[in-house]
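Chemist: Here is what each chain is made of, one letter per residue.
Protein chains: 2
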Amino acid sequence: MYHNLLKHIRQYIEIDDKQEIILETYIKTIKLKKKALLLHYGQICTSLFFVEKGCLRMYFIDSKANEQTTQFAIDKWWISDYMSFINKSPSDYYIQAVEPSEILFVEKNNLEKLLFQIPSLDRYFHIIMQKNLAASQQRIKYLYEMSKEELYFYFINSFPEFAQRVPQFMIASYLGLTPEYVSELRKKLQ
Amino acid sequence: MYHNLLKHIRQYIEIDDKQEIILETYIKTIKLKKKALLLHYGQICTSLFFVEKGCLRMYFIDSKANEQTTQFAIDKWWISDYMSFINKSPSDYYIQAVEPSEILFVEKNNLEKLLFQIPSLDRYFHIIMQKNLAASQQRIKYLYEMSKEELYFYFINSFPEFAQRVPQFMIASYLGLTPEYVSELRKKLQ
DNA sequence: CGCGGGTTTGATGATGCTCAAGCCCGGTGG
DNA sequence: CCACCGGGCTTGAGCATCATCAAACCCGCG
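Line by line, the protein sequences give chains A and B. Quick note on my numbering: the first sequence kicks off at 1 and runs consecutively. Quick note on my numbering: the second sequence kicks off at 1 and runs consecutively.
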């Protein structure tokens, strides 16, 4: 169950057998059914989550009671509400399994112990967060430079496998448009 | 000139006198006049920039030849085009001084040496990037939940000092609206 | 088989953009 | 010290994009 995470970490730093065991004592696993929640609005987000297999999404409920998806995580991505994690403040978000998923997670106090025992993990997380930030910068750029129509077609063409795995209305809300408008755009394709 | 940076680093990790000297050998300084460029479209962004004093903005030119500001950095913030920095790819962005500024910067190869000699800096950057990511998540949430009008008033009320230091048209483009529309909104205030 | 979540359709309309023109004001050169 | 220049801000008319709302439809799942 730790296979993908270990592989991922070893892309960036060296982990020997002893350290591997330490890791496995501090990192927990959980299997989720479709639609199961990892984090609920109002809870404090005390963990960083790693998608070993499956797909998660992060969303909040806006003033009109719509679910607004702000992030997806698949494959070997980390996800968390960092504001809540850092400040121990109640989260505005839900984190939910889009499909049956296997998740690894480190709780904050365990992360501290882990970083103390394997300091090079700071390097790993430094690199991961930096990549995350790069992705986030690019996403913001796309949001600023493209119309909603362009955004949708760009997304569909860039991540066609995504359009298969994830329902339309989640993609719509991730791109900041209504399901009705997505419908209209899809009709254009014929 | 290194005062704010050192203070900032010491908020998170310990730096002794020897390490302080190492830091100062690898981190360079530059003073910028208003409107001077730190990074130009097409260049590879080889440094991380720290605002010791002043204000920077990051922008790109969109398909209609408008400047789109995607980020500001003041005070003790780090800024960079992380995509370009990580992949050594040509940047889409300009980074420019909004006002006369004092900037510190680490070049990529120097950062590697620095992290080798002071491994705890990985912890510092881990924390910094995590905070950056938290801010970025919150920004995206605001972009999704507020109308342009709400965004503008929220921004003005939350960062009134910003509205003083930065010209209207930059704030407009940072929030993704036209200067004309900002005008209209300001008129509403009377 | 029937229910319900997700998608489609179409009519209507608001938000916020475009374009063109004028204005204000601070900086620069004569 | 004044005049001019030009960048930035304002104004207003017209309009495109995209949201809203209501209804029907489709299909997978219990």
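Fair warning: there could be bad hints in the mix.
Any copy will do: because identical chains look the same in the list, a pair fits if it lies in one copy or spans two.
Unchecked claim - In silico DSS-like cross-links for lysine-lysine, where the CA-CA straight-line distance does not exceed 30 Å: (1) Lys28 x Lys64; (2) Lys64 x Lys148; (3) Lys18 x Lys187; (4) Lys64 x Lys188; (5) Lys131 x Lys113; (6) Lys28 x Lys141; (7) Lys131 x Lys28; (8) Lys76 x Lys141; (9) Lys141 x Lys131; (10) Lys108 x Lys88; (11) Lys187 x Lys148.
In short, the hints are calculated from the structure, not lab data. Quick caveat: nothing in here was measured; it's all calculated off a predicted structure.
Chemist: Against each hint, give a clear statement of whether it holds in the structure.
Modeler: Taking the hints in turn, this is what the structure says about them:
no.	hint	in the structure
1	Lys28 x Lys64	neither (36 Å within a copy, 50 Å between copies)
2	Lys64 x Lys148	both (20 Å within a copy, 16 Å between copies)
3	Lys18 x Lys187	neither (57 Å within a copy, 66 Å between copies)
4	Lys64 x Lys188	both (28 Å within a copy, 24 Å between copies)
5	Lys131 x Lys113	both (24 Å within a copy, 20 Å between copies)
6	Lys28 x Lys141	between (35 Å within a copy, 29 Å between copies)
7	Lys131 x Lys28	both (24 Å within a copy, 24 Å between copies)
8	Lys76 x Lys141	both (24 Å within a copy, 23 Å between copies)
9	Lys141 x Lys131	both (15 Å within a copy, 20 Å between copies)
10	Lys108 x Lys88	within (10 Å within a copy, 33 Å between copies)
11	Lys187 x Lys148	both (15 Å within a copy, 28 Å between copies)
When each numbered hint is compared with the structure, violations occur for hints 1, 3.
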